[in-house]
Amino acid sequence: MAQPAPGDLSPVEAQLLRLADDEYVLAERYTEWQIFAPTPEADLALANIAQDEFGHARLWYDLLQDEFGYEEPDLLWERDPGNFVHSPLVELETPDGDWADTVVRSYLYDVAERLRLDALADSSFDPIADRVRKVQSEEGYHREHAQSWLDRLTGGGGDAHRRVQSAVDRLFPYALTLFAPTANEDEIVAAGVRTRALADVRADWLDEVVPYLESLDVVVPDPSAVSHPDEVGRDGSHTGDWAALHEEFTATYHELGFDDPATLRSENA
Amino acid sequence: MSSDACAHTDYEDGEVPEGYPRTGDDATGAEADVWGALAEVEDPEMPVSIVDLGLIYDVTVEDGHASVEMTLTYTGCPAKDMLTNDVRCAAMTAAGVEDADVTIQYSPPWSVEMVTERGREQLQEFGLSV
Numbered sequence: 009m010a011q012p013a014p015g016d017l018s019p020v021e022a023q024l025l026r027l028a029d030d031e032y033v034l035a036e037r038y039t040e041w042q043i044f045a046p047t048p049e050a051d052l053a054l055a056n057i058a059q060d061e062f063g064h065a066r067l068w069y070d071l072l073q074d075e076f077g078y079e080e081p082d083l084l085w086e087r088d089p090g091n092f093v094h095s096p097l098v099e100l101e102t103p104d105g106d107w108a109d110t111v112v113r114s115y116l117y118d119v120a121e122r123l124r125l126d127a128l129a130d131s132s133f134d135p136i137a138d139r140v141r142k143v144q145s146e147e148g149y150h151r152e153h154a155q156s157w158l159d160r161l162t163g164g165g166g167d168a169h170r171r172v173q174s175a176v177d178r179l180f181p182y183a184l185t186l187f188a189p190t191a192n193e194d195e196i197v198a199a200g201v202r203t204r205a206l207a208d209v210r211a212d213w214l215d216e217v218v219p220y221l222e223s224l225d226v227v228v229p230d231p232s233a234v235s236h237p238d239e240v241g242r243d244g245s246h247t248g249d250w251a252a253l254h255e256e257f258t259a260t261y262h263e264l265g266f267d268d269p270a271t272l273r274s275e276n277a
Numbered sequence: 590m591s592s593d594a595c596a597h598t599d600y601e602d603g604e605v606p607e608g609y610p611r612t613g614d615d616a617t618g619a620e621a622d623v624w625g626a627l628a629e630v631e632d633p634e635m636p637v638s639i640v641d642l643g644l645i646y647d648v649t650v651e652d653g654h655a656s657v658e659m660t661l662t663y664t665g666c667p668a669k670d671m672l673t674n675d676v677r678c679a680a681m682t683a684a685g686v687e688d689a690d691v692t693i694q695y696s697p698p699w700s701v702e703m704v705t706e707r708g709r710e711q712l713q714e715f716g717l718s719v
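Chains as they are written, first to last, in my numbering: chain A, 9 to 277; chain B, 590 to 719.
No wet-lab data here; the hints were simulated from the structure. All of these numbers come straight from a predicted model, not from anything done at the bench. Warning: the hint list may mix true and false statements.
Claimed, not checked - Restricting the straight-line Cα-Cα distance to at most 20 Å, the calculated cross-link-like pairs of lysine to aspartate or glutamate (EDC-like) are: (1) B:K669 with A:D138; (2) B:K669 with A:E80; (3) B:K669 with A:D70; (4) B:K669 with A:D74; (5) B:K669 with A:E79; (6) B:K669 with A:E216.
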């Protein structure tokens, strides 16, 4: 079976792949905080959120395997990094020790995720619809976590508030790529795989995140005036941060040396 | 200290759909045997049967082949492969069963509300309040 390649997928495959890749790559970034998060509670919370996101990625990758015949190596370990279709928001390297960056990214992503799942709850593709409610029940806590940290970081002003502002300035243009269409966006909606267009989901997202961030005295860039990144992810284009992350999470797989398996001394004796 | 000083996550927001949890009480024959065998399988982290946790959604046996439909407490469950294998092996110990398969489903979504009364007592004894 070939690897999934953006631009050459059925509407259901395209929808599943962007869901799975977003969750998987974000979880990879979350795990980088293990033992480094600012408090033990934050460390545990983020580990748990990462595990949820890996679990959700698996739900969608499982469907690609069960319904479309892909194998796990096609989807993850051997897939060309240029065939991943996650939003660049989730691949960006975290500035060294910048907890605010992770909190802001999590908030921007998790609101988008809730809206996206709402738009999939009545999917014409039953296996997606069947999984949505369980995923949603696990996502509420992620938003609660991000918002409680945003409240704390912005509540006292000073350096923490400045870091949140700077993370919003940096991440907001990339967050908009969450809603960038894949080649067959029209077919996805026409077939009812997702019941709402990405443009509508994006409008709802802006209606929610902009007033909330402004209520924290954070200035949100004007979405029509931001300079949009060249890399939108959904077509396989990615930032420079992606290559290193991809290499890191596939390194162990390649080190296993499947082409040259270890043999026991007594074998073939 | 005011009661809202400590924010907490409310996990008890699930509703129990009609007919759940399923415990196999009305099963007969080989299917009853499979339910009995599954009752012996415990959650990997807690000394509670997966049947009492409400994880088993359906059991059918046809011509010696058992099919078990089950769910997981949450989607990221790292014990998924281990647990499905345990369930498959347990089902095959039932009289009249030669082969078994296990499928995972997430609808209806599991919540702690699906734990049986006996499961709740056992969890309480273990130190968990649900």
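Consistency of the hints with the structure:
1. B:K669 with A:D138: Distance ~18 Å between K669 (chain B) and D138 (chain A) Cα, so the pair holds.
2. B:K669 with A:E80: 16 Å, holds
3. B:K669 with A:D70: Cα-Cα ~13 Å, so holds.
4. B:K669 with A:D74: 16 Å, holds
5. B:K669 with A:E79: 18 Å, holds
6. B:K669 with A:E216: Given that 20 Å is the threshold and the Cα spacing comes to 36 Å, the pair is violated.
Checked against the numbered hints given earlier, this structure breaks only hint 6.
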